[in-house]
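Engineer: Here is how the chains run, residue by residue.
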Amino acid sequence: MRKSLLMKMTTLALSLLAGWSLAAQQKVTVSGVVVDDQNEPMIAAGVVQKGTSNGTITDLDGSFTLTVPAGTVIEFSSVGYVSQEYVASKTETITIKMLTDTQMIEETVVVGYGVQKKSDVTGAISQVKSEDIQNRTITSPESALQGKTAGVQVFSSSARPGAAPAVQVRGISSNGSSAPLYVVDGRITTSISGIDPNDIESMEVLKDGASAAIYGAEAGNGVIMITTRKGKGDGKINYSYQLTSQSLARVPKVMNAEEYFQYYVENGRFQVADLYEHWDFKTNTDWIGYSYENSLMHHHNLSFSAGNDRGNLYLSGTYLKNNGMFAGDADVYQRLTFMVNGAWKFKPWLEVQTNNQIEYYNARSVSEGSDYGSAVLSALQLDPLTPTVYSKDGELPQNMKDILAQGRRLLTDENGDYYGVSWFNPSENVNPHIMRDRSYSVMNGFNINGSTSLNLMPIRSLTLTSRVGYRFSAYDNYGYSLNYYVNQNAHQESIGLSGSSNNSIYYQWENFANWNQAFGKHFVNVMVGTSFSSTRTYSVSGSYSGKDDDLGVTQDNPLFYYFAYHSANATPSVYGAEPGYARKLSYFGRASWNYQGKYNAQVSFRADAADLSVLPKPMRWGYFPSVSAGWTISEERFFAPLKNVVNFAKLRASWGQNGSLAGLGGYRYANVIANTGQYATGNGLEYVLGYAPSSTGNQELKWETSEQVNVGLDLRFLRDRLTFSVDWFNKMTKDLIVSNITPSTVVGVTASPVNAGNVLNRGFEFELRWRDTVGDFNYSVSGNLSTLYNEVTYIHESLSDGIDGVGVRNYGAITRFEKGYPAWHFYGYDFQGIDPTNGNAIFKDYDGIEGVTSGDKIDLGSGIPKLNYGLTLTASWKGIDAVVFLTGAAGSKIYNCLTVVDYPSNRLSYFYEDRWTPQNTTGTKPAANAANWQQYLTSSGVVFDGSYAKIKQIQLGYTLPQKFTRKFLVDNLRLYASLDDWFTFSNYIGFDPEITGTGSGLGVDKGSYPTAKKVVFGVNVTF
Amino acid sequence: MKTRNIILSAVISLFALSSVSCSRMLDIPQHGVLDYNTFYQTDEQALEADAAMYLEILNGGGLGWDYWVRLCKAMLTDDFWAGGSMRGDNNDLDQLNEFRFDAEQDYVENMFTSYYSLVYKANVILGHVSEEGASDIAKMVRAEAKVFRAYAYFDLKTLWGNPPLVDHELTRTQRYR
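One line per chain: the protein sequences are Z and C, in this order. Under our numbering, residues 1 to 1023 are what the first sequence spells out, in order. Under our numbering, residues 1 to 177 are what the second sequence spells out, in order.
Pulled out of the complex, with its shape left as it was, chain Z reads as follows (with noise of 0.2 Å):
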């Protein structure tokens, strides 16, 4: 109030003292246009008599008159635009022509509880901004952070509709989950695929210790900011549409029916009269073209965005359909997402924001990643010999007839054809259009989630915010399989129904504090908090199954296929309804301190609590400290003659301890007796329970912790037109939880998890920018590199052999969490070339033992890659405008489990080309009836180089000129085509280098749902 007064005061001086020199001075008129650096006539820029307000807005047409005395100087302003000043001298017309603010303008970087500038931050923190994010054919935020910042990994296991990649922030650190936390304004939470990415305005990755440090126990992955969009500007309606159309990228090469025969027919699988007997000697199935087929995906969005220095409003709609490339409908991703962001300063002191995202979603998914029943895997390894279908009116094969003449069903398509049952394999992966057709599973699911806080400034120094984080998020699943014959293996005599339903409640509650104070030309930041969150989770799942000849259910058609009208004889069973638990505290704080603009220093604290089913009560606090520094070198004195090339340099380093949830939970350190079944005893039905010790115990367990060291230089040259950062990070994590571990086999029990392992990753990051304007062409080159070097340094004495990882089929472990080579590295023999004499692998002995033993297998590389890159390429020109991106790794291996030698199944031409056969006694392949095919497939000759580069997007867009649209209400139009995902370079042999499996599987490709190309045409209009 006082405030207010003084200045109406001095508004009432001002303009007396004004009034009194006009009347003395001489007045003139200037008016003219103002236009931006594309010539474009520059709305509502603002012109002022510079220190009065005495001032205008450009009109609709830039232009603007404003009267002013003689000899005083006319600002000329706008957001984003370097201020122009004229000196008014005379009445007359000019044209002002204002230019973007290529400086660094002093961005703020979103850090944990608060807001940084870019220029104070001491840790090692990457953005990528929403023009990063914009436009693309991703689904999943998280997909954005690939190859657009150094240090970030992202693995998918699947790029099927509605899949979201795993992400890995300076490597894998731990033997369970390697996933960052992200927070979304605030709330902390594990998934953010809800969140469609053009609602995204910026995100920030923590990669050090010293920045994730201030969320303590679960920041040891790093953690990832999103910043989701918020109001500004006048008023803007925003709609944009885009249609991709997706084929398959890359086609692995099988073997065509008559290599397919000839192969097994030196197997001695087959004999000649077999080919004879079964096959018409023209079918010669292509089925991975008939399991694949063009689809098409939708992405509407439509926005609302409005703010001033009092409030701001955002709204937005988004409506996605993707239709996967899997033959027929099976594999549909429906997405509808909501996101209300608000803010209002009530009082000078009192200001509520509020952000909330809704999604509405629904899902069909084909089964794919298994070794076993797999519909991605089937389409490799049918054999050609055997048609898609047979026709309904004409002859069916013998093996069919039989099977019709049991009385079983022969699954057919939408005319009434049958789909082919192979007489020659019969494994369990069959026809995929079989695998598709004999279930069906559908999932909806909603998410209401969001933060509102409350922020009070009682003065000016301090800011107390509360905020309420909150997820509401169910989903439920629906599904039945019919009865159905294939063969031995894939067959079922009922009708199974199943369903369940799930739901979770997630609420936190933070308040803190932040206090600012200058003294003189220090500057000081104090920020103490406390956080609680709890969640609580329930589902309740149930299934019904039919016996013997029983259908199931009471009539054989889908409007029946639920559990209301299952049969007489169906059995049910239900599992869950048992509300499970988590919670957390926390207390917090952060000081820095600030000298100048020079030198910068911060230390941070959080400890931790947790909740009873994770840690045993005394061991459950955990303190996570952290410090940084920072020195900016350029604005040293002795800097003064390098600044013309070299605007900023600065050095920073930091020191951090975070904390990791992975591994813990569901009282695994807990010694406790539990209940291990019923034994029928006497004559009558009479039943003793067994209790028994359910496990070893372990008091003693602790919080994993993550101890990292960062080292960054950041220089900026040229007038800011070129940056280069460069980090080298050392991070040690230590106190792994390592669960099944085996003690002693003569223990007797299963030990509980212990604190037993240490995972090293290293590394230097790179990031390199180049951005310049040569008249009306603005380009800009962006890269950046990483290297990481892993290795687990320490594992629990009992496991001197290391934890398996995934094994393939029943042919043993391949991956392995083992001391002194990186986490699950590939493990297997060493193939060394085939026998001239019997087309035998041979393999190296390590062991001295004869033959080939366990103790044989070695370390055959890692599927985590040694070096990753990304390169960004931007170009406009006028309205014209151009983006290339390009990404890959190098120095991973993959493991290649898409061979069987159960069945005569299909296999790579791979294995076909220059096989040992009695006539190429130099083949570098086992021969088709080398015994020791297991071997080989658990064996380097089945490892090959992962390594690959991708252009990831090619896109070219047009921006109507605003002269013309405006003509229709229309401030912004642009159209756009783009080639998403379209050139892979690598020499790997299967689907696609970039998809294996991710965590203990990584590298591991057991046939998962590959990534498509994409071609892409999109529309972005503001109102």
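I should point out that these hints are in silico values taken from the structure, not numbers from a laboratory. Note that CB positions come from ideal geometry on N, CA and C, so glycine has one too. Every clue listed holds true.
Pulled a few chain Z residues facing chain C out of the computed Cβ check, cut under 8 Å: (1) Y581; (2) R583; (3) T676; (4) L689; (5) T853.
Derived Cβ-Cβ restraints for the label pairs, each shown as a range: (6) C/F80 with Z/E578: 42 to 48 Å; (7) Z/T750 with C/D66: 18 to 24 Å; (8) Z/G855 with C/D66: 30 to 36 Å; (9) Z/D945 with C/V147: 56 to 62 Å.
Starting from the known structure of chain Z, arrange chain C on it as the hints suggest.
Structural biologist: Just chain C, lined up with the frame of chain Z:
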């Protein structure tokens, strides 16, 4: 001014309240388990521990001793042949048939750990169901534990020759030797 002060004091008290009341919410009890320190006291609990030994043979290792022990021993005889849809379909059993397995083979390893699971359960009973002042039922349960332990060692000795002797629940340091 007044409104500002009221809201300010409300917020500060919220801060204090949130930190105090929430720490008790972290003590979430576990479902479906019994306390280790108070078990093995009553007759009924002794019988339940006893049943656990029978269940070990019935369900141990997921498929029970019928699969892991009896089948494995049977494969070593000439009464049984591995079979399968073709050679290599059941590689582990083929190995047992032909005596070309090593110590790490699935069946052999699971058999070994199954025996020691039974020994563990017997040791737990003998260590916790006290001998002094034992009721008839407790005495019976202790005797059965000794029988099961002896049965396991009988097989261990005949198949492996010289297995380690474990006659009590191993402590934390003893476990990893």
